[in-house]
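Novice: Protein sequences appear in the order of chains A and B. According to this note's numbering, the stretch in the first sequence is residues 264 to 579, in order. According to this note's numbering, the stretch in the second sequence is residues 24 to 449, in order.
I should point out that these hints are in silico values taken from the structure, not numbers from a laboratory. A virtual CB, placed ideally from N, CA and C, is assigned to each residue, including glycine. There's no promise every hint is true.
DEER-style ranges, computed between Cβ atoms [as the list claims (entries may be wrong)]:
id: 1; chain 1: A; residue 1: His292; chain 2: B; residue 2: Lys153; range: 55 to 61 Å
id: 2; chain 1: A; residue 1: Gly476; chain 2: B; residue 2: Gln410; range: 52 to 58 Å
id: 3; chain 1: B; residue 1: Gln431; chain 2: A; residue 2: His292; range: 52 to 58 Å
id: 4; chain 1: A; residue 1: Ala506; chain 2: B; residue 2: Asp120; range: 29 to 35 Å
id: 5; chain 1: A; residue 1: Pro457; chain 2: B; residue 2: Gln366; range: 41 to 47 Å
id: 6; chain 1: A; residue 1: Ala506; chain 2: B; residue 2: Gly91; range: 46 to 52 Å
Among chain B residues calculated to face chain A with C-beta under 8 Å, some are [as the list claims (entries may be wrong)]:
id: 7; residue: Phe92
id: 8; residue: Tyr94
id: 9; residue: Thr222
id: 10; residue: Ala228
id: 11; residue: Glu344
id: 12; residue: Trp362
Below, a sample of chain B positions facing chain A; criterion: calculated Cβ distance under 7 Å [claimed, not checked]:
id: 13; residue: Met59
id: 14; residue: Phe63
id: 15; residue: Phe196
id: 16; residue: Tyr208
id: 17; residue: Gly212
id: 18; residue: Gly218
id: 19; residue: Leu226
id: 20; residue: Gln339
id: 21; residue: Pro341
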Amino acid sequence: MTINPQLNADGSLRHLLTIDGLPRAILTHILDTAEGFISVSEQEVKKVPLLRGKAIFNLFFEPSTRTRTTFEIAAKRLSADVINLNINASSQSKGETLLDTVDNLAAMQADMFVVRHAQSGAAHMIARHVAPHIHVVNAGDGRHAHPTQGLLDVFTIRKYKGEFHNLRVAIVGDVLHSRVARSQIHALTTLGVPEVRVIAPKTLLPVGVEQMGVHVYHDMLQGLKDVDVVIMLRLQNERMRGARLPSSQEYFKYYGLTQEKLALARPDAIVMHPGPMNRGVEIDSSVADGKQSVILPQVTYGIAVRMAVMSILAGN
Amino acid sequence: MKIKISNGRVIDPKTQFDSIADVYIAAGKIVSIGAMPAGFQANRVIDATNQIVCPGLVDLAARLREPGFEYRATLESEMNAACAGGVTSLACPPDTDPPLDEPGLVEMLKFRAKNLNQARVYPIGALTQKLEGLRLTEMAELRDAGCVGFSQADAPISDTQVLVRALEYASTFGFTVWLRPEDAYLAKGGVAHDGFVATRLGLPAIPVSAETVAVATILLLVRETNARVHLCRLSSAQGVDMVRRAKAEGLNISCDVSINHLHLSEMDIGYFDPNYHLSPPLRSTRDREAIRAGLADGTIDALCSNHTPVDDDAKQMPFAEAEAGATGLELLLPLALKWAQDQGVSLANALARITHHPAQILGLDAGHLTVGQVADVCIFNPESRWQVIPANLRSQGKNTPFLGYEMQGAVTFTLVDGQVVFEAKK
């Protein structure tokens with residue numbers, strides 16, 4: 264059980280399930296490979312033949328448009344055959360177990376599963392179960408991990424900031440429920456960012472988050488001071504209805520990113536958001552669309568990063 | 024049937040007897056330990072050389088899964104497992120389907136169990152109807168049908184007024200109320216200890232306060248009602264400490280812990296292994312150490328298997344969706360022995376936690392080896408090693424966090440009522 268299930272015996276990447284525990288060299292290799300794929304998207308014929316003949320199944324057990332689309336585009340640009348499955352609407356609703364579904368799809372000669380699931384650890388379970396030639400990419404599992412999002416975020420940061428070793432990064436919002444935040448924190452700390460801050464009310468922070476190597480702030484004005492990167496997290500509306508937050512108005516007042524609060528960060532700070540955004544709840548439109556925002560480039564880079572991951576896993 | 028168990032190391036934790044001796048059994052009872060009674064002619068001699076002869080184990084929590092969950096396990100399979108584990112008396116929680124909230128259900132369970140002629144089954148009746156935490160059961164009727172206590176199993180009562188009424192009513196008759204201290208709201212939705220591992224794995228968490236708030240509430244109500252309460256499956260250092268102080272104050276309480284919490288912690292969840300999905304959740308290593316110390320100093324009265332056979336289909340799921348629980352009847356003895364070895368506790372003290380002490384909690388004249396006593400006996404080889412693999416488990420539930428572990432200590436014979444109900448293959 265102590266062997267990292269996403270690494271081969273030689274330490275190479277077999278699955279991408281989480282950034283937690285991956286060595287810096289593997290992250291850097293993915294980012295460097297992604298650099299090479301940016302130009303593919305800019306060509307008139309946006310395709311390379313690296314995964315020609317490979318069958319990639321997008322298994323989405325919970326709804327997603329953006330992530331599924333970027334994985335689909337990435338796979339197609341690598342010339343793979345892509346099959347999209349919205350499992351909620353099919354087998355699972357008929358009572359089939361998750362592993363039965365996976366077995367059936369594996370029998371259709373799948374080479375890779377891209378898995379999105381509402382439960383933490385679902386991708387790990389599938390990875391433990393599949394035949395050795397099948398690769399699993401976690402496209403988001405519960406609150407646990409969204410490793411390609413974490414990678415595309417650090418890729419974006421590297422694009423704009425060049426280095427990691429001299430940065431202060433603030434992650435703001437619902438860290439407790441966020442798989443994105445966990446992956447970002449692992450990616451940033453692994454790549455050597457010396458100061459990662461999380462800013463949130465106590466109701467949105469998990470116990471012991473400091474042990475992930477972050478500094479905790481409850482006051483956004485203090486937390487944003489002199490940071491180079493501000494990453495805003497999506498606040499799900501259902502959190503408002505529970506006992507975690509009293510109202511979207513109060514949340515926006517104390518934790519929403521406005522131009523005034525952003526002014527506390529370094530003048531060249533960039534603003535990121537994994538999307539989809541709730542404008543006026545976690546971020547003001549003037550910031551989301553402002554000159555410091557790199558939210559749309561994140562989406563573009565996401566395709567290159569996912570191409571890199573898939574080609575590294577299945578291209579060998 | 025007359026049986027002579029010869030040359031074993033006889034340990035009776037209750038009387039502190041510990042000596043190489045022969046045990047003579049006739050008509051289901053122990054007739055002598057040491058000298059052979061006049062005219063005794065054994066029909067069978069069991070050679071217990073280099074083995075321990077101790078009272079049959081008494082387990083405070085073993086789910087037999089009948090009625091309602093026969094696809095997970097049957098009385099027969101789990102009674103076999105009990106006997107293979109040296110367990111001769113076991114208490115079963117009421118969380119069957121339907122729950123044990125009517126005398127007829129209890130009588131049926133007792134009848135079916137008795138017909139199997141294996142371990143003795145002592146049902147714990149439901150404290151509230153359908154375990155819903157709303158209306159009290161007919162406790163006196165249930166007692167008459169064979170219940171030895173009343174419990175909510177793993178379904179805590181969230182309405183404190185119902186809880187206090189249940190304690191008052193039970194204490195009217197002198198019944199023991201068995202409560203798993205867990206605040207229903209604080210535990211809601213959680214599947215793992217609220218600590219760094221759950222944070223890293225993104226698992227919904229259950230804070231320690233879910234246990235301590237409930238312990239505090241129960242202790243306050245025990246003071247008020249003078250009810251006798253047994254606290255089931257403590258999991259936290261703070262919980263153990265609260266019980267220690269309450270006992271020092273003289274409150275009429277007892278408590279147990281499971282074999283899983285005695286040896287494992289949140290760190291063992293690893294990469295979402297559903298075998299480690301247990302209720303209550305595995306807590307921090309500090310909590311585990313406090314539990315181990317609490318069992319040694321007597322704060323925790325008994326060790327139980329918390330046997331919960333779960334089928335593969337219910338475990339082959341993402342961690343949070345997998346059913347909580349693990350098989351344990353066959354692991355109770357070796358894991359008690361391992362704790363004794365790790366903790367530097369004597370063999371007799373370790374055996375007391377799984378024989379004499381749980382029998383006292385159940386109010387049974389069991390769990391000891393004395394002349395005139397019913398011959399419920401466990402014989403085991405303390406040096407024998409075996410591996411926990413599905414093929415080695417008689418329980419229909421093959422899932423346990425200890426899969427793959429090597430155990431030391433193997434039962435060779437189990438006797439109930441002076442009859443051999445289990446004999447290990449040579």
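Novice: Could you run down the list of hints and mark each one as holding or not?
Specialist: Verification of the supplied hints:
1. Separation of histidine 292/A from lysine 153/B is about 58 Å and conforms to the stated range, judged on CB atoms against 55 to 61 Å.
2. Between glycine 476/A and glutamine 410/B the C-beta distance comes to about 39 Å, which lies outside the given range of 52 to 58 Å.
3. The supplied range of 52 to 58 Å is broken by glutamine 431/B and histidine 292/A, whose beta-carbon atoms lie about 46 Å from each other.
4. Judged by the Cβ atoms, the range 29 to 35 Å given for alanine 506/A and aspartate 120/B holds: they are separated by roughly 33 Å.
5. Hint check: proline 457/A to glutamine 366/B, Cβ distance near 43 Å, so the stated range 41 to 47 Å holds.
6. As the Cβ distance of alanine 506/A to glycine 91/B is approximately 35 Å, the hint placing it in 46 to 52 Å is violated.
7. Interface restraint check: phenylalanine 92/B against chain A, minimum CB-CB distance 18 Å, threshold 8 Å, status violated.
8. Proximity of tyrosine 94/B to chain A is violated relative to the hint, the smallest CB-CB distance being about 15 Å (cut-off 8 Å).
9. Taken as an interface hint, threonine 222/B checks out: its beta carbon lies about 4 Å from the nearest beta carbon of chain A, inside 8 Å.
10. Look at alanine 228/B: its Cβ gets to within about 7 Å of chain A, closer than 8 Å, so that hint holds up.
11. Hint on glutamate 344/B holds. Least Cβ distance to chain A is approximately 6 Å, under the 8 Å limit.
12. Contact between tryptophan 362/B and chain A, as hinted, is not supported at the beta carbon level, the nearest pair being about 22 Å apart and thus beyond 8 Å.
13. Hint status for methionine 59/B: violated, given a least beta-carbon distance of 52 Å to chain A, over 7 Å.
14. Because the beta carbon of phenylalanine 63/B sits about 53 Å from the nearest beta carbon in chain A, more than 7 Å, this interface hint is broken.
15. Hint status for phenylalanine 196/B: violated, given a least beta-carbon distance of 40 Å to chain A, over 7 Å.
16. This hint is violated: tyrosine 208/B has a C-beta 10 Å from the nearest C-beta of chain A, more than the 7 Å allowed.
17. Taken as an interface hint, glycine 212/B does not check out: its beta carbon lies about 11 Å from the nearest beta carbon of chain A, beyond 7 Å.
18. A distance limit of 7 Å between C-beta atoms decides the matter here; for glycine 218/B the minimum to chain A is near 6 Å, and the interface restraint holds.
19. Proximity of leucine 226/B to chain A holds as hinted, the smallest CB-CB distance being about 5 Å (cut-off 7 Å).
20. A distance limit of 7 Å between C-beta atoms decides the matter here; for glutamine 339/B the minimum to chain A is near 6 Å, and the interface restraint holds.
21. At its closest, the beta carbon of proline 341/B sits 4 Å from a beta carbon of chain A; the interface hint therefore holds under the 7 Å criterion.
Hint compliance for this structure: hints 2, 3, 6, 7, 8, 12, 13, 14, 15, 16, 17 are not met, and every other hint is.
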